[in-house]
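Student: Each chain is listed here by its residues.
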Amino acid sequence: MKWVLWTLLVVSVSGMLLFYVWGKVDVVRVGYELDALLKKKAALTQEHERLQARLSQLTAPERIASEAGDKLDMKPPRARQVVLVPGHPGDENPSDGPELPLRLARQTGE
Amino acid sequence: MTRSFTKTEIKSAGEGTGRRAFIGLCFLFGFVILFMRFGYLQVFQAETMKLKARQQHEKPITLASNRGAIVDRQGKPLALNLDVSSVYATPSSIDDPAGVARQLTRALGVPREYLEKRLRAKRDFVWIQRKIEDAQVKRLTDLDLPGVDVVVESRRFYPKGTLLAHVLGFAGIDSQGLEGLENGYDEHLRGQVRQVVLQQDALGRIIIPESRRKPQALSGHAISLTIDEVIQYIAEQALDQAVEATKARGGAVLVMVPKTGQMLAWALRPTFDPNHIPQASPEQWRNRGVTDPYEPGSTLKVVLAAAALELNRVKPDTLLYAGDGEIPISGTVIHDHEKAGWVTFREAVQRSSNVAFVKMTWDLGKEQVYQFLRTFGFGEKTGIDLPGESIGILRRPDQWSLRTLPSLAIGQEIAVTPLQLLTAVSAIANEGWLMRPFLVREISDHQGRSVRERVPHIRRRPISAETAKIVTDLLVNVVERGTGKRAAVPGYRVAGKTGTAQKVDPETGTYSSTKLVGSFVGFVPAEDPRLSILVVIDEPQGPAWGGVVAAPVFRKVAEQALRYLSVAPGDNPRVVAARSRPALDGYQPNWE
Numbered sequence: 001m002k003w004v005l006w007t008l009l010v011v012s013v014s015g016m017l018l019f020y021v022w023g024k025v026d027v028v029r030v031g032y033e034l035d036a037l038l039k040k041k042a043a044l045t046q047e048h049e050r051l052q053a054r055l056s057q058l059t060a061p062e063r064i065a066s067e068a069g070d071k072l073d074m075k076p077p078r079a080r081q082v083v084l085v086p087g088h089p090g091d092e093n094p095s096d097g098p099e100l101p102l103r104l105a106r107q108t109g110e
Numbered sequence: 001m002t003r004s005f006t007k008t009e010i011k012s013a014g015e016g017t018g019r020r021a022f023i024g025l026c027f028l029f030g031f032v033i034l035f036m037r038f039g040y041l042q043v044f045q046a047e048t049m050k051l052k053a054r055q056q057h058e059k060p061i062t063l064a065s066n067r068g069a070i071v072d073r074q075g076k077p078l079a080l081n082l083d084v085s086s087v088y089a090t091p092s093s094i095d096d097p098a099g100v101a102r103q104l105t106r107a108l109g110v111p112r113e114y115l116e117k118r119l120r121a122k123r124d125f126v127w128i129q130r131k132i133e134d135a136q137v138k139r140l141t142d143l144d145l146p147g148v149d150v151v152v153e154s155r156r157f158y159p160k161g162t163l164l165a166h167v168l169g170f171a172g173i174d175s176q177g178l179e180g181l182e183n184g185y186d187e188h189l190r191g192q193v194r195q196v197v198l199q200q201d202a203l204g205r206i207i208i209p210e211s212r213r214k215p216q217a218l219s220g221h222a223i224s225l226t227i228d229e230v231i232q233y234i235a236e237q238a239l240d241q242a243v244e245a246t247k248a249r250g251g252a253v254l255v256m257v258p259k260t261g262q263m264l265a266w267a268l269r270p271t272f273d274p275n276h277i278p279q280a281s282p283e284q285w286r287n288r289g290v291t292d293p294y295e296p297g298s299t300l301k302v303v304l305a306a307a308a309l310e311l312n313r314v315k316p317d318t319l320l321y322a323g324d325g326e327i328p329i330s331g332t333v334i335h336d337h338e339k340a341g342w343v344t345f346r347e348a349v350q351r352s353s354n355v356a357f358v359k360m361t362w363d364l365g366k367e368q369v370y371q372f373l374r375t376f377g378f379g380e381k382t383g384i385d386l387p388g389e390s391i392g393i394l395r396r397p398d399q400w401s402l403r404t405l406p407s408l409a410i411g412q413e414i415a416v417t418p419l420q421l422l423t424a425v426s427a428i429a430n431e432g433w434l435m436r437p438f439l440v441r442e443i444s445d446h447q448g449r450s451v452r453e454r455v456p457h458i459r460r461r462p463i464s465a466e467t468a469k470i471v472t473d474l475l476v477n478v479v480e481r482g483t484g485k486r487a488a489v490p491g492y493r494v495a496g497k498t499g500t501a502q503k504v505d506p507e508t509g510t511y512s513s514t515k516l517v518g519s520f521v522g523f524v525p526a527e528d529p530r531l532s533i534l535v536v537i538d539e540p541q542g543p544a545w546g547g548v549v550a551a552p553v554f555r556k557v558a559e560q561a562l563r564y565l566s567v568a569p570g571d572n573p574r575v576v577a578a579r580s581r582p583a584l585d586g587y588q589p590n591w592e
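First to last, the sequence lines map onto chains V and L.
Just so you know, we're using the numbering used here here: the first sequence kicks off at 1 and counts up by one.
Just so you know, we're using the numbering used here here: the second sequence kicks off at 1 and counts up by one.
Think of the hints as simulated: they come from the structure by calculation, not from any bench.
All residues carry an ideal CB built from backbone N, CA and C; glycine is no exception.
Watch out, some of these pointers could steer you wrong.
[Said to hold, decoys possible] Here are some of the chain V residues that sit facing chain L, going by a computed Cβ distance under 10 Å: (1) Tyr32; (2) Ala42; (3) Thr45; (4) Gln46; (5) Glu49; (6) Arg50; (7) Ser56; (8) Gln57; (9) Pro77; (10) Ala79; (11) Val82.
[Claimed, not checked] Once the Cα atoms are required to be at most 35 Å apart in a straight line, the calculated DSBU-like pairs of lysine-lysine come out as: (12) Lys503(L) to Lys515(L); (13) Lys50(L) to Lys39(V); (14) Lys40(V) to Lys52(L); (15) Lys75(V) to Lys247(L); (16) Lys117(L) to Lys138(L).
Next up, chain V with everything else stripped away, as it sits in the complex (with noise of 0.2 Å):
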C-alpha cells in the first residue's frame, strides 16, 4: 500500500513538474510566433507608409491637374458652364450666419 501511495506522489510530482516545463515551453514558443508577427506588422506598417506617401504624390492637386490637362485635354469650366444645385436649408453651416461674431465675443469674454 505504501509503495502505491509513493508511486502516486512521485508520477503525481512528475506529471507537475512536466506540465510546468511544456506550459514554459510552450511560453517560449508562442513568444518567438509574436516576435516574428511583431516584425511582420513592422514591415507592414512601413509598406503602408510607403504607399501612404506615394499615394498621396498621387493625388497631390498639382499632378492631377497636369494628368487632366496633358493626357485627358481637359481644361478648367468657364462660369457658366457650371450650375450649383440649391441644398436644403439644413445643408447649411449654421454657425455660418451673421450674428456668429456677437456669440464668439460673448464667449472669449472680449
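Starting from the known structure of chain V, arrange chain L on it as the hints suggest.
Tutor: Here is chain L on its own, set in the frame of chain V:
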C-alpha cells in the same frame, strides 16, 4: 570457513587504501577549490556576474518615436514619416580602418579621409552616414563589412514637395522641428523616446517581447490645418503665373476665412522644397507672410477710410477737393494720377486719390489715425500660430515728422506684414470684428483622439457693423468702377482695393522709382464674405500697378476657390450645393 591473506595480498590492500585515500583527498581538494570559487563568484563577484548574465539574455533597445503627421483641413497628408536606413560603425571591432573606409567610400560616396578618421575614433559608436538611399543600403549589405551595420530611422517626408513649404517648415536630421509649423508645434509633433528591454536566447532571438508589457514609444501628435490643399494649389499656381509673367522678384497670396480667421492658403515666392533643404537658402524658406513688413501703399486707405467713416468725419457723398492732383508737403509733392477737382469721398476711394486722402487724414489728426491703425492690429503681432512673426513698423505719434501723417495717408512711413493687412481688411468683411488668424485647427494623439481644438478668437471690434457695410460698398465701387476692375469675378460682387507702393532703395535711402510693390486686397462675395484674399507682387518688371499685376491674380484665385467651395453666384451667395463641402464647416460656435 576462514581464509588467511598472504603477505603480498596484505601489502597490495594497503597500497589500494592509500591510493583511494589519495584520490579521495584529490577530490576533496578539488571540491574545496570549486566551492571556494563558487563562494568567490556568488559572494564577491555577484553583481558583476548578474550584470554579465543580464547582458547576455536581455536586449535593451531605444524605441524612436515618429513625428506626428501634418494634414490639411480635408485630412490630406502634407508631412509624413518614412523609414530610412542609417549606417553606423563600432570602431573597436574594425581591424583595418583604411580598408573598410575605402569600401565604404565606394558604397556610399562619402570622402575616404572623413570615413577613416571616424573609423579610427576611440569610441564604441560612430555614425557613418544618416538616412541613406535604398540603393546605397543594398551596396553596403552586399559588402558585409565587419563592424559596420545599418539601423532603421524615421525621416520626415513632404509628399507635396514645395506646396505650403513656408508654413510647414521642415525638420532636421534628428527629426527636430527647425522652421515653420514643424518648429512652432515641435513639442506636439515629436513623440516620446522610450527605452525597453527584450529577452533573448543564446542565438539572439527574442523570446518574449517585453515591449508588449512595457510602454511603447509614443508617436507625436497629428496636426490638422485650416489650410485647404486645393485652394493652396490654386493660389500657388496663380502666383507662379503672375510672377513669371511680370518677371517679379517674388510675391504672396494669402487667403483667409474672414469670419473665423482660418487661413485657407498661404503661397509665397520664391519657394523651396522641404525634402531638399541643403539645396535651399534661408532667403527662400523665410516666411515673408509674417516676417517681412512692407509699405502697403494705397491698400492702407481701406483702414483710413474706415476710421474717417467711424468717426463720422466723412460720408460717402461728402465732397473733398482734390485740386490739380498734387499737394505740397514739407518740401515734397504728393501727386494723383489725374486731376480730379471736387470729388465725393466715394470717388476718392474709387480713384485712390492721394490728395483727397492726405486732406482727410489731416482732418483726422495724428492721435486718431494712430489709434485706428493700432486698433486694426498694425504695430502688434496678429497672434498667428507661426514662429517669427514681426510686429511691423508703426511709430508713436510723438516720433512723427511733419511728413508722417500725409505719408500714412498714402501708405508710406508704415510697414505691415501681409498677414496684418489681410487680417485688418478681413475685419471689414466681418462686420467690424478683428479676428486672430490661425493655421492649426486640431491636434490629435496617435490614436486619433482630439487633444486640442482651436476656436476662432475675436481680438476686438475696431469699427461698427454699419461702418463696415459702408466701407464694403465703397470697396465694391472700386472693383466695379475704379482701379480694381480686373479683380471682378463674373457673377459675384467683389470688394477690394488696389495698392502700388514704392520701395525704399537701400543704396540711396530714398523711394525708388523702379522698385515697386503692386498689391490688391479684398473679399468676396461682398454681401456675405467667404474669402478674403491678399495678393502682393514684389518688384514686377514693366507696369507695376496693383490693379494691373495683382488684381487679376485675385480674380483667378477667387473664381476657382468659390467654385471649389460651391459658393453660388448671383443674388443669393449663401445657397450652396447639395453636397456642402466640409471645408468651411471647420468651426462650431460652441468650441470654447
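Student: Decide, hint by hint, whether the structure agrees.
Tutor: Results for each hint:
Checking Tyr32(V) against chain L: minimum C-beta separation of about 7 Å stays under 10 Å; hint holds. Of the supplied interface hints, the one on Ala42(V) holds, with its beta-carbon coming within about 9 Å of a beta-carbon of chain L, less than 10 Å. With a cut of 10 Å, the hint placing Thr45(V) at the interface with chain L holds, because the nearest CB-to-CB distance is about 9 Å. Below 10 Å, beta-carbon pairs count as interface contacts, and Gln46(V) has one with chain L at about 5 Å; its hint therefore holds.
A least Cβ separation of about 6 Å between Glu49(V) and chain L falls short of the 10 Å threshold, and the interface hint therefore holds. Hint on Arg50(V) holds. Least Cβ distance to chain L is approximately 7 Å, under the 10 Å limit. With a cut of 10 Å, the hint placing Ser56(V) at the interface with chain L holds, because the nearest CB-to-CB distance is about 4 Å. For Gln57(V), the shortest C-beta to C-beta distance to chain L is roughly 5 Å, which falls under 10 Å, so the interface hint holds.
A hinted interface residue such as Pro77(V) counts as satisfied when its beta carbon comes closer than 10 Å to some beta carbon of chain L; here the least separation is about 8 Å, so the hint holds. Proximity of Ala79(V) to chain L holds as hinted, the smallest CB-CB distance being about 5 Å (cut-off 10 Å). For Val82(V), the suggested interface contact is upheld, since its CB lies about 6 Å from the closest CB of chain L, less than 10 Å. In summary, the hint linking Lys503(L) to Lys515(L) is supported, as the alpha carbons are separated by about 6 Å, within the 35 Å threshold.
Proximity of Lys50(L) to Lys39(V) is assessed by CA-CA distance (about 29 Å); at most 35 Å being required, the pair is judged to hold. Annotation: proposed proximity of Lys40(V) to Lys52(L) holds, straight-line Cα distance about 31 Å (limit 35 Å). Restraint check for Lys75(V) and Lys247(L): the C-alpha separation of about 25 Å stays at or below 35 Å, so the hint holds. A threshold of 35 Å between alpha carbons decides the hint, and for Lys117(L) with Lys138(L) the separation of about 24 Å falls inside it, so the pair holds.
Violation of the numbered hints given earlier is absent; every hint is satisfied by the structure.
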